[in-house]
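K.L.:
Spelled out, the chains give:
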Amino acid sequence: MGGKWVAIGMLAAALLPLSAQTPSFVAPADVAAPPAEAQEAQSGVFTQVLKAGLGTERPEGDDCLGVRFTSWTREGRLAATSGASAEPSPQCLGAAMPGIAIALKLMTPGERRRVWIPGGLSYKPEEAPQGPALTVDVELVSITKAPRRPLNLTTPPENARKLLSGVTIDWLKSSKGNVHPAMDSNVTVHFSGWTAAGKLFQTTVMDGQPATMPLGTTLPGWREAIPLLTPGDKVRVWIPAALAYGNKPPSKRIPAGNLVYEIELLRVD
Amino acid sequence: MVRLFFLPVILGALGIVLDTQNLQAQSKPYVVTRYYGGGRSGANLKETILNTSNVNSSTFGRIFVLPVDDQVYASLLYASGLTVGGAAHNVLYAVTMNNSVYAFDADRPAKPLWMKNFNGTGRPGVSTEVGQYCTPFLDISGNIGILGTPVIDASRNTMYFVTRTGEATGIVQRLHALDITTGLERPNSPVVITASVPGTGEGGSTITFNPLTQNQRPALAFAQGTVYIGWASFCDTTPYHGWMMAYDGTTLSQVGVHNTTPNGMMGGVWMAGAAPAFDASGNLYVSTGNGDWNGTKNFGESLVKLSSKTLGVLDYFTASNYNSLNIEDLDFGSGGPTMVPGTKYVVTGGKEGKVYLIDTTNLGKMVPGDTQIPQVFQAVSTTTVPSATHHIHNANPWWQSPQGLNMYVWGENDYLRGYRFDPTAKRLVTTPFAVGSVLPPLGMPGGMTSISANGSQTGTGIVWATFQRAGDANQTLCPGILYALNAETLATLWSSTGPNDDFYLFSKGSNQIVANGKVYLAGQAKYISVYGLKAHGVAAQNLAYQKPAIGSTPCSGNQTPDKAVNGTYAGGLDDKWCSSDPNPWLTVDLGTAKTISRVVVEHAGGGMEPFEGNTVAFKIDVSTDGVNFTTVQTITNNTLSISTHVLTPVSARYVRLSISKPSTIAGDPARIYELQVF
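In the order they appear, the protein sequences are chains A and B.
Okay, so the first sequence: first residue is 0 according to numbering that gives the first Met the number 0, each after it adds one.
Okay, so the second sequence: first residue is 0 according to numbering that gives the first Met the number 0, each after it adds one.
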């Protein structure tokens, strides 16, 4: 995978080759219950530092991480593992087990912890509300920072440009160019999208791979906003639900309601 | 007429598999099985017409469509130069959820060479009678008839497929064998599918095949005179198991049965419609989904190697996190296996977005950490849509390019990624040699991909891919889009956005096929779309295209009736007719009276607007004088973004939509992106 891994994370990975090369899938002696020295993080999740990390940066929000992990049931049966590969396993905080996300937010790159997760916080509640308790050895290798969540998700600035359709555009960077895309243009963009509640649901930024698409096949709100841009422009766009996916999209995987995008137009073909 | 569909090549004791794509390159294009060959390379290497220079919007596009009677979930098949009705034809075969089989001349828009329906005195199964664990069950909507892709024994010109019918006794599944030149049943055909095996998984001592709960989802396969059929479930509704059965291709007698979880439950063989793969000895490889595992009788979340004909378990690999996969509904078997061409390896991918490279001579069974297999890695990036799924569906195609042996992966919520096989290390290089720039909309299922190329020649390799252009195809019928990408660079060559290029509703189960310079693509809107070089002729089948249109007062001066008959949905928000009139209507004048039999309407969702804005209720009226209209169809509860309306053939010059409920949202205007008449 590509990505803008935080440099300190790469350093930590380089300093810890042994953990990558000699994974142990044997359950630790204290798999059944946290020892007295383990500390409760929150909600019954206990953690114990096995190896200190480097630096001070910790995962937060929608960051995506490189991790190595092995998990066991409380009875000591192997549940899952990132395996023996030297490459860390990708794990975005937004998709992590609730209990492991709590622990990861405490860690810095290079750090290794043992985490005791109570039942119900092990797997995603919607998939396994009665998920079993797990004990997890996890090493944080790297952090890819999520794009910064805009503070004005529900209130565009007064000087933003308001279109008749209800789309509002605020220029974060203007190239002052004069080549605007047409509907049959292929546009290459970096973009990130948030719900009004602040959930990052899509971004090209963390993977470092811009997206190219025929403008005429994009979201209605994009078809309103992007023709006003020129390559080099970066905008924040507030899109009403009716020009996004609606208030009742056909799938829980598609965000409902008003959405906010940051779009940087890189190229028009 | 002997065709090279599957020819085992054994290279000594090394267990080297020579993928059938290499064999196919020496024969005429003859697509007799899903993904082109028993190794499931997904590549047609005999394509000498289409290349990276002529697949572009100027020269390439949809050249005609072929109507069928229902949705198509199965992939299409094709035979070159087959004698049908006394004349030689290239023949395209399609099967539908109404249990119909079509043989079309693959080179022109014409009535079928033959068409047969196999409902008999019954009816097709329907989606409301299955999948009770999902309420409502929406993985499939409407009829459930022939779902798995058929297979053809080219040496006997015989096609095999499984029908599903509702009869007085309940749901019945039958294996049919047809003469592909006539559509007539072969001797001994059909046979009712039944089976039982010893097992304790359902509380007794025997597991009996349940035709109601078992979903014949994977493609059928054929080798060494034997037909192989697999089953999974509808939305994991139990009781069900993974089943594989083998039938003699001539007698249709059952010669082998394998149940993946006889002492447990589940373990479906679905593979998103992919087919079992064969090795050089005719052994089968199938991937299983969520289900029980014990390494002796139960093989959920596994790649299982089964013996030819008898279907005994020869070996297996089980992902060591099988328990977690079960808990999180992360089927190992959401993708089908493909043989790595020219090697002894097999590759498969599942819902985690991981690719497993496994040695066919030693699958490795279950070892903590999966350390016993050559390679496992995350092939689908999880960061672009960080809280969503990243499943691999269908199967990953391979192409021996001028630069090396490539595998292509287009998982959910990610870009197309090309990985190269390192022949020295005998591993895939985990950094892609190229990443495409096209990002499908949020949702399932990722790209349905295949390859066409002229051998390994540079400039000929094309990755063909379909996905939804809006919506989530997991439980919704979505408008689709077809892409062509350069297989050497993954640069985009073409997409189906031009006038009359649309293939309407995306089929999540059906791969496009390429043969003799044409791309054949099935959809859920009761059409087969055929793409090719426009210079060879484009059929003017859409009678409404660029014809005069009038309608009730438009929402704006740009959203006028002519926008609904310009053949495309992709011209922006103004590329539609919109009207806020309390009684909106839209009429197209075909110029002269024509016999019409179908109307296709692209609603708000067809233009990527929210699906809740799709027209709910409307009438289709026809007239010969523009004054006196007759209603030929009344639609009261539409939810589709693109709806196909089959009419009793009628003479009409004017076709009118009279809309009584333009949207699910009160106050919304009527929005029609396309009104097409056939």
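Worth flagging that the hints you see were computed from the coordinates, not collected in a lab.
The beta-carbon is built from N, C-alpha and C at its ideal position, and this holds for glycine as well.
Fair warning: there could be bad hints in the mix.
Straight line, CA to CA, 20 Å or less: simulated DMTMM-like cross-link-like pairs of lysine to aspartate or glutamate [stated by the list, open to error]:
#1 A:Lys251 / B:Asp178
#2 B:Lys115 / B:Asp68
#3 A:Lys123 / B:Asp328
#4 A:Lys123 / B:Asp235
#5 B:Lys308 / B:Asp235
#6 A:Lys198 / A:Glu39
#7 A:Lys144 / A:Glu86
#8 B:Lys533 / B:Asp106
#9 B:Lys425 / A:Asp169
#10 A:Lys247 / B:Asp68
#11 A:Lys104 / A:Glu39
#12 A:Lys123 / B:Glu327
#13 A:Lys104 / A:Glu157
#14 A:Lys251 / B:Glu327
#15 A:Lys161 / B:Asp573
#16 B:Lys110 / B:Glu166
#17 B:Lys546 / B:Asp574
#18 B:Lys115 / B:Asp69
#19 A:Lys233 / A:Glu157
#20 B:Lys343 / B:Asp328
#21 A:Lys144 / A:Asp29
#22 A:Lys50 / A:Asp29
#23 A:Lys144 / A:Glu56
#24 A:Lys251 / B:Asp573
#25 B:Lys660 / B:Asp620
#26 B:Lys115 / B:Glu201
#27 B:Lys110 / B:Glu201
Stretch-level coverage of chain A by chain B, calculated; a stretch enters the list once three of its residues show a Cβ under 8 Å from a Cβ in chain B [what the hints assert, rightly or not]:
#28 190 to 201
#29 213 to 220
K.L.:
Evaluate each hint against the coordinates.
P.N.:
Results for each hint:
1. A:Lys251 / B:Asp178: 45 Å, violated
2. B:Lys115 / B:Asp68: 11 Å, holds
3. A:Lys123 / B:Asp328: OK: A:Lys123 and B:Asp328 at ~11 Å, within 20 Å.
4. A:Lys123 / B:Asp235: At roughly 19 Å apart (the allowed maximum being 20 Å), B:Asp235 and A:Lys123 satisfy the hint.
5. B:Lys308 / B:Asp235: Not satisfied, since the Cα-Cα distance of roughly 28 Å exceeds 20 Å.
6. A:Lys198 / A:Glu39: Given pair A:Lys198, A:Glu39 is violated - Cα atoms ~27 Å apart, limit 20 Å.
7. A:Lys144 / A:Glu86: 19 Å, holds
8. B:Lys533 / B:Asp106: 13 Å, holds
9. B:Lys425 / A:Asp169: 51 Å, violated
10. A:Lys247 / B:Asp68: 31 Å, violated
11. A:Lys104 / A:Glu39: Answer holds: A:Lys104 to A:Glu39 is near 13 Å, not above 20 Å.
12. A:Lys123 / B:Glu327: 8 Å, holds
13. A:Lys104 / A:Glu157: 36 Å, violated
14. A:Lys251 / B:Glu327: Given that 20 Å is the threshold and the Cα spacing comes to 16 Å, the pair holds.
15. A:Lys161 / B:Asp573: 18 Å, holds
16. B:Lys110 / B:Glu166: 30 Å, violated
17. B:Lys546 / B:Asp574: 15 Å, holds
18. B:Lys115 / B:Asp69: 13 Å, holds
19. A:Lys233 / A:Glu157: 18 Å, holds
20. B:Lys343 / B:Asp328: 30 Å, violated
21. A:Lys144 / A:Asp29: 33 Å, violated
22. A:Lys50 / A:Asp29: 16 Å, holds
23. A:Lys144 / A:Glu56: Distance ~10 Å between A:Lys144 and A:Glu56 Cα, so the pair holds.
24. A:Lys251 / B:Asp573: The given pair, whose Cα atoms are some 29 Å apart, is violated under the 20 Å limit.
25. B:Lys660 / B:Asp620: 16 Å, holds
26. B:Lys115 / B:Glu201: The hint is violated at about 38 Å.
27. B:Lys110 / B:Glu201: Distance of about 48 Å is beyond 20 Å: violated.
28. 190 to 201: Since three or more residues must qualify, the claim that chain B covers the segment 190 to 201 of chain A holds, with 4 doing so at under 8 Å.
29. 213 to 220: Result for this restraint: holds, n = 7.
Violated hints, listed in ascending order, are 1, 5, 6, 9, 10, 13, 16, 20, 21, 24, 26 and 27; each of the other numbered hints is respected by the structure.
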